[in-house]
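*Asks:* So the sequences go chain by chain: A and B. Using my numbering, you'd call the opening residue of the first sequence number 125 and step up by one each time. Using my numbering, you'd call the opening residue of the second sequence number 143 and step up by one each time.
Hints are supplied without guarantee of correctness; some may be wrong.
Which stretches of chain A does chain B cover? Using the computed rule of at least three CB atoms under 8 Å from a CB of chain B, they are [to be verified]:
| hint | region |
| --- | --- |
| 1 | 125-137 |
| 2 | 184-192 |
| 3 | 244-252 |
Below are the PhoX-like pairs computed for lysine-lysine, each with C-alpha atoms no more than 20 Å apart in a straight line [what the hints assert, rightly or not]:
| hint | chain 1 | residue 1 | chain 2 | residue 2 |
| --- | --- | --- | --- | --- |
| 4 | B | K245 | A | K307 |
| 5 | B | K243 | A | K161 |
| 6 | A | K303 | B | K245 |
Calculated from the structure, these hints are not laboratory results. All values reported here derive from a predicted model rather than from experimental measurement. Where a beta carbon is used, it is the ideal one built from N, C-alpha and C, also for glycine.
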Amino acid sequence: MDINLQKEIFLSFFRAGMLGFGGGPSSIPLVHNEVVKRNRWMDDDEFSDILAIGNSLPGPIITKMAGYIGYRIGGAVGLFNAVLACVIPTVLIMVILVGFLASKQDSPIIMGMTQAVTPVVGVMLFSLAYSFLSKAKSSLGWLVTIVIGLVSLFLYQFMNVHPAFVIGGLLAYGLLGGKVNLKNKKEKQK
Amino acid sequence: MIVYWQIFLAFFIPSVLGYGGGPAIIPLIQNEVVNHYGWLTLERFGEILAIGNSLPGPIATKMGGYIGYEVGGILGAAIALFATVAPSLLAMLLLLGVLYKFKDSPRVVNMTALIRPTIGVLLGVLAYEFFARSWRASGSFHTFLLVILSYFLLEKRKVHPAYVIAGSLLYGAFIIA
């Protein structure tokens, strides 16, 4: 077992959990920052696969990502390490602070902090969304990216279709050998 | 003994039925712990949820850990966390394991490329929800200022998110409050 690797796994998911305000989804850009940008454990493609499969399964998203990524880079120890790192510290804080915060939850300071961090999470999610769309553009081209993007947007926002169906449909199309023109030479050769 | 089994079920059922990450699971947890088992009143559940939302970290595990602890002590917390995390994680490992095994096949390369636009859109929708929430809670001025400042710091100056988040918490504590 590589102690240094396990230490990095712990710290990465500890930071992603402790800095995520507004539930699990707000931690997605933070996990991306740790796993892809900082530690280079995987590239954007693999990260987007993990996010896609995670979104098409039920349950909390961050623990699914932490568990899988931990397992993929650090084996079974990495799995437990990553899940515990993003779950236990925040649960402990919760258990310790509930009594204290019960009387303070209407305090303007706590409310102000919760309000101010919300747009920052929005910016992080927006940047990650942009980087996925521009990656998509360079492999699929503008037209296909815009068509898939707009159809997904319509289905999610106006038809209330669950993402699992859209992701499942796209995966099935690829799996059954549907025609896809990849622009990126390197990807074509893979 | 029976209470531990009930704790397991109360968090297992929401986590296998709740699609859309932790926040989507919360109403299902409420149904179990308030309506079904009557461990908490609705007011108490709302209070715990409000506190959980003002603290960092995934919400489903915070609620699971806390309620499990209140109902069944440390063992109760451990069981609630296991029931929340394990089932979906196991499915994740199986599915990605298969995908990873065939990662060089042209079909899997196509699959990876095809889902990217829809993942981009999903993240964009999430971003929009956070912006809209901020607009409703703190108005256009604070929202615009925080968006522009944090975009500049994160994307142009490549400041680590930890500092930007800490900065925004200070801004909230001293300026918005």
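*Asks:* If a hint holds in the structure, say so; if it doesn't, say that too.
*Replies:* Status of each hint after checking the structure:
1. With 0 residues carrying a beta carbon less than 8 Å from a beta carbon of chain B, the region 125-137 of chain A misses the three-residue requirement, and the given coverage is violated.
2. Under a criterion of three residues with beta carbons nearer than 8 Å to beta carbons of chain B, the stated coverage of the region 184-192 of chain A is upheld, 7 such residues being counted.
3. Under a criterion of three residues with beta carbons nearer than 8 Å to beta carbons of chain B, the stated coverage of the region 244-252 of chain A is upheld, 9 such residues being counted.
4. Simply put, B:K245 and A:K307 have alpha-carbon atoms about 19 Å apart, close enough for the 20 Å limit, and the pair holds.
5. For the hint pairing B:K243 with A:K161, the CA-to-CA distance comes to about 24 Å; that exceeds 20 Å, so the pair is violated.
6. With a CA separation close to 18 Å, the supplied pair A:K303 and B:K245 stays within the 20 Å bound.
Consistency note: the structure conflicts with the earlier hints numbered 1, 5.
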